[in-house]
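Work out the full structure: start from the sequences and follow the hints.
So you can see what is in the structure, the chains are spelled out below.
2 protein chains.
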Amino acid sequence: MTDQSTPKATVSGLLPRQSAPENASPATGVSRRRLLGTAGAAGIVLGAAGAAAGYAAAPAGAAPLTSLGSNRVMFHGKHQPGITDALQACGHLVAFDLAAGAGRREAAALLRRWSATAERLMAGEPATHDDTAVARDAGPSSLTITFGFGNSFFDRTNLQKQRPAALDPLPDFSSDHLDKARSNGDLWVQIGADDALVAFHALRAIQKDAGGAARVRWQMNGFNRSPGATAHPMTARNLMGQIDGTRNPKPADADFDQRLFVPANGEPAWMAYGSYAVVRRIRMLLDDWEKLSLTQQENVIGRRKSDGAPLSGGTETTAMDLEKTGKDGSYVVPINAHARITRPDQNGGAAMLRRPFSYHDGLGADGTPDAGLLFICWQADPLRGFVPVQRKLDRGDALSEYIRHEASGLFAVPGGAAKGEYVGQRLLEG
Amino acid sequence: MTDQSTPKATVSGLLPRQSAPENASPATGVSRRRLLGTAGAAGIVLGAAGAAAGYAAAPAGAAPLTSLGSNRVMFHGKHQPGITDALQACGHLVAFDLAAGAGRREAAALLRRWSATAERLMAGEPATHDDTAVARDAGPSSLTITFGFGNSFFDRTNLQKQRPAALDPLPDFSSDHLDKARSNGDLWVQIGADDALVAFHALRAIQKDAGGAARVRWQMNGFNRSPGATAHPMTARNLMGQIDGTRNPKPADADFDQRLFVPANGEPAWMAYGSYAVVRRIRMLLDDWEKLSLTQQENVIGRRKSDGAPLSGGTETTAMDLEKTGKDGSYVVPINAHARITRPDQNGGAAMLRRPFSYHDGLGADGTPDAGLLFICWQADPLRGFVPVQRKLDRGDALSEYIRHEASGLFAVPGGAAKGEYVGQRLLEG
Chain P
-12 MTDQSTPKAT VSGLLPRQSA PENASPATGV SRRRLLGTAG AAGIVLGAAG
38 AAAGYAAAPA GAAPLTSLGS NRVMFHGKHQ PGITDALQAC GHLVAFDLAA
88 GAGRREAAAL LRRWSATAER LMAGEPATHD DTAVARDAGP SSLTITFGFG
138 NSFFDRTNLQ KQRPAALDPL PDFSSDHLDK ARSNGDLWVQ IGADDALVAF
188 HALRAIQKDA GGAARVRWQM NGFNRSPGAT AHPMTARNLM GQIDGTRNPK
238 PADADFDQRL FVPANGEPAW MAYGSYAVVR RIRMLLDDWE KLSLTQQENV
288 IGRRKSDGAP LSGGTETTAM DLEKTGKDGS YVVPINAHAR ITRPDQNGGA
338 AMLRRPFSYH DGLGADGTPD AGLLFICWQA DPLRGFVPVQ RKLDRGDALS
388 EYIRHEASGL FAVPGGAAKG EYVGQRLLEG
Chain D
-12 MTDQSTPKAT VSGLLPRQSA PENASPATGV SRRRLLGTAG AAGIVLGAAG
38 AAAGYAAAPA GAAPLTSLGS NRVMFHGKHQ PGITDALQAC GHLVAFDLAA
88 GAGRREAAAL LRRWSATAER LMAGEPATHD DTAVARDAGP SSLTITFGFG
138 NSFFDRTNLQ KQRPAALDPL PDFSSDHLDK ARSNGDLWVQ IGADDALVAF
188 HALRAIQKDA GGAARVRWQM NGFNRSPGAT AHPMTARNLM GQIDGTRNPK
238 PADADFDQRL FVPANGEPAW MAYGSYAVVR RIRMLLDDWE KLSLTQQENV
288 IGRRKSDGAP LSGGTETTAM DLEKTGKDGS YVVPINAHAR ITRPDQNGGA
338 AMLRRPFSYH DGLGADGTPD AGLLFICWQA DPLRGFVPVQ RKLDRGDALS
388 EYIRHEASGL FAVPGGAAKG EYVGQRLLEG
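So the sequences go chain by chain: P and D. Positions -12 to 417 (the working numbering) are the ones given, in order, by the first sequence. Positions -12 to 417 (the working numbering) are the ones given, in order, by the second sequence.
Hints are computed from structural coordinates only; laboratory data are not their basis. A couple of the hints might just be wrong.
Which copy is meant is left open, because identical chains are indistinguishable; a pair holds if it fits in one copy or across any two.
Stated by the list, open to error - Mimicking DSS-like on lysine-lysine, the simulated pairs with C-alpha atoms at most 25 Å apart in a straight line are:
1. LYS195 - LYS278
2. LYS292 - LYS314
3. LYS278 - LYS292
4. LYS292 - LYS195
5. LYS237 - LYS292
6. LYS406 - LYS278
7. LYS195 - LYS237
8. LYS148 - LYS292
9. LYS292 - LYS379
As the structure is a computational prediction, the values presented were derived from the model and not from experiment.
Structure representation (structure tokens):
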């Protein structure tokens, strides 16, 4: 967590792919996730020495994998993968409900199967049974698989006493247009990879593992910029063309872990080193947005579109001057600008790490693009992270005219599994 | 077209990204499309000297682009881009119908706008007006934009006399389950890029250019393996896990151009150096397919799943031994195996170049994955390419139980535009 040489990591709060810190975890005795396939500053290397084992390496005469394929994130660790790891190019979110008759025992067996599959696939190995071969020939491609529990899981498994208070349903927001069928769920799985077939392969393997124990409740696909498409040291752009995630907490912040992760002695005990994920499918009304002039768009956001700098001046990382006024005496950063309302110093600090995917499912029934952001934010406590910011946005964000929250989920994501352990074991066998 | 040093090119029939042949075109006087950002055998290079100009290079202090971003395909050339270029990681297909009241003049103006946009975006530059900035910071990322005309276009523009006979509607096939609303269309645009935001940005720019002249009829999203996810010299895999496109015609074949492209003196004259695209949305019934054993799957296809070799032995490129029998006297390659039926030597030669994208739109209404292949094949004459093969498949392909053709299109894709010309100008101003 000390590599500050890469601007991208500094800005986005996510580990760059080439970072390979290895911190021993006092809690689990296993090493923290690390990324193999070390690379130069631009994040690309030929024939990475760290090329993962598994079936990618099997065919005779195959050339060495390039780093995109050979990058590997470790499954075991203090925290689950897919939280502080670099954004991947492709993602799937899938929620499951336990099947009728399935309870704690079936859930434990499922999490055991899922953990075994995640470990194998993240190492570039085929799934144990009936692998579909869709990912064959490819490396792990930074695959991460992350598991979480929704509020309803604890009723279904008769584990109400273990349900975290932090899983209390999110408050209603006036801007919500939520589709319940695509919200929440007993179980949630986040899959990310830099290769679309690797990600799809993992999704199918996870679905197959569910067997008769759980059925898919909803499933969404997302994407981010491909590694190497830009070497520009800025944060990701979203489908509105805006730079997104500028004010994420930084790994170098003294309170980074504290904001993101439940402490070792936190409540409930099984959530030690875990985190809470708020998932919002935020549709962007792009036909309306793109009718605005550049100046209008920048006034809605409060930042320059080109480089993400505040309208009050500087660069992407310059602090916003909230009091600066223009010739006409009005604030340069308008009073209802999105970035003014969401600025961390007015919301108890940057208490959440945003790690989203964009989505685009073609044309919606109304003929406008069904596209936007699979907003995913991570925090030790949603009541200090997502909720207060969203409450403020709900009361006067200029951006609200151009977006619509169409689905919502809140999930408890336990700490990472130690070797020999499965994710959630401390809950399910606690 | 002479670079045979890269096995992938040999196998797939597509130009590798690092290939940079430059053939003067006698017809247009402009150089053939070529790929900048030359790279080593693994297709990756740092700080490519060929990094494209345009806004990717603009921000002060930006590091050089890696080759994924800097790879550039030329817009001008003998043929349109997106036909023999390497498969890209992301694709959009979009069909338009001319608006009520729009005719030949409006179509000509639209193709002029589209060509100008395609040229700029493929060079990594922003669109002329109101660029959304979604692709800002990224390089061209092998972006290609390809334009075609459907049968109905010629009625709408009163150009019936220019309609190619090859655009006669495809025959009905008994296995068709076609959705007419997602089939055909007056105009067709194929977008491919190695970065999802670059591809999305191009899609929005093309839609914006349509203005009041045309409205979107249907739109589909697809993907392929990311560059660098594998260095294995095999052809792409599809979502069934099968290697796909093994028997594509090869650039080294003496009749490669003849099979793919309308000759200089072909009919109609405006289609010189053009090609015909057959587009089929082929849903894969993956829940059924994945219940088959590996042996059952291999017997359906007639090839080994692991490496694509014929069941009669050898490697992916070994010719299939159709007469070989097993101990029980039955053919080793079953009589209804997909690869036996589609083998080029029984179908007038490999008369079409398959250049597909996979697709995955989440769960369908029936709860099974809405996933499969955006099959796109290119040929000088659909009646010698797609049609005879599909007729044979229609009569007894073992694979037909596991796939469903859900949409279909046939488009005339004119030759590439010379400098100062727009795509289709020879038709619209002929």
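Comparing the hints with the structure gives:
1. In this assembly of identical chains, LYS195 and LYS278 lie within 25 Å of each other by CA distance solely across copies; the values are 10 Å between and 44 Å within a copy.
2. For a Cα distance limit of 25 Å, the shortest separation of LYS292 from LYS314 inside one copy, 22 Å, qualifies, whereas the shortest one across copies, 69 Å, does not.
3. In this assembly of identical chains, the alpha carbons of LYS278 and LYS292 lie at most 25 Å apart only when taken from the same copy (15 Å versus 50 Å across copies).
4. In this assembly of identical chains, the alpha carbons of LYS292 and LYS195 lie at most 25 Å apart only when taken from different copies (20 Å versus 43 Å within one copy).
5. Proximity of LYS237 and LYS292 under a CA criterion of 25 Å is satisfied intra-copy only: 22 Å inside one chain copy versus 45 Å between copies.
6. In the homo-oligomer, the alpha carbons of LYS406 and LYS278 never lie at most 25 Å apart, since the shortest distance is 53 Å inside one protomer and 31 Å across protomers.
7. In this assembly of identical chains, the alpha carbons of LYS195 and LYS237 never lie at most 25 Å apart, being 37 Å within a copy and 38 Å across copies at closest.
8. For a Cα distance limit of 25 Å, the shortest separation of LYS148 from LYS292 qualifies neither inside one copy, at 48 Å, nor across copies, at 49 Å.
9. In this assembly of identical chains, the alpha carbons of LYS292 and LYS379 lie at most 25 Å apart only when taken from the same copy (23 Å versus 55 Å across copies).
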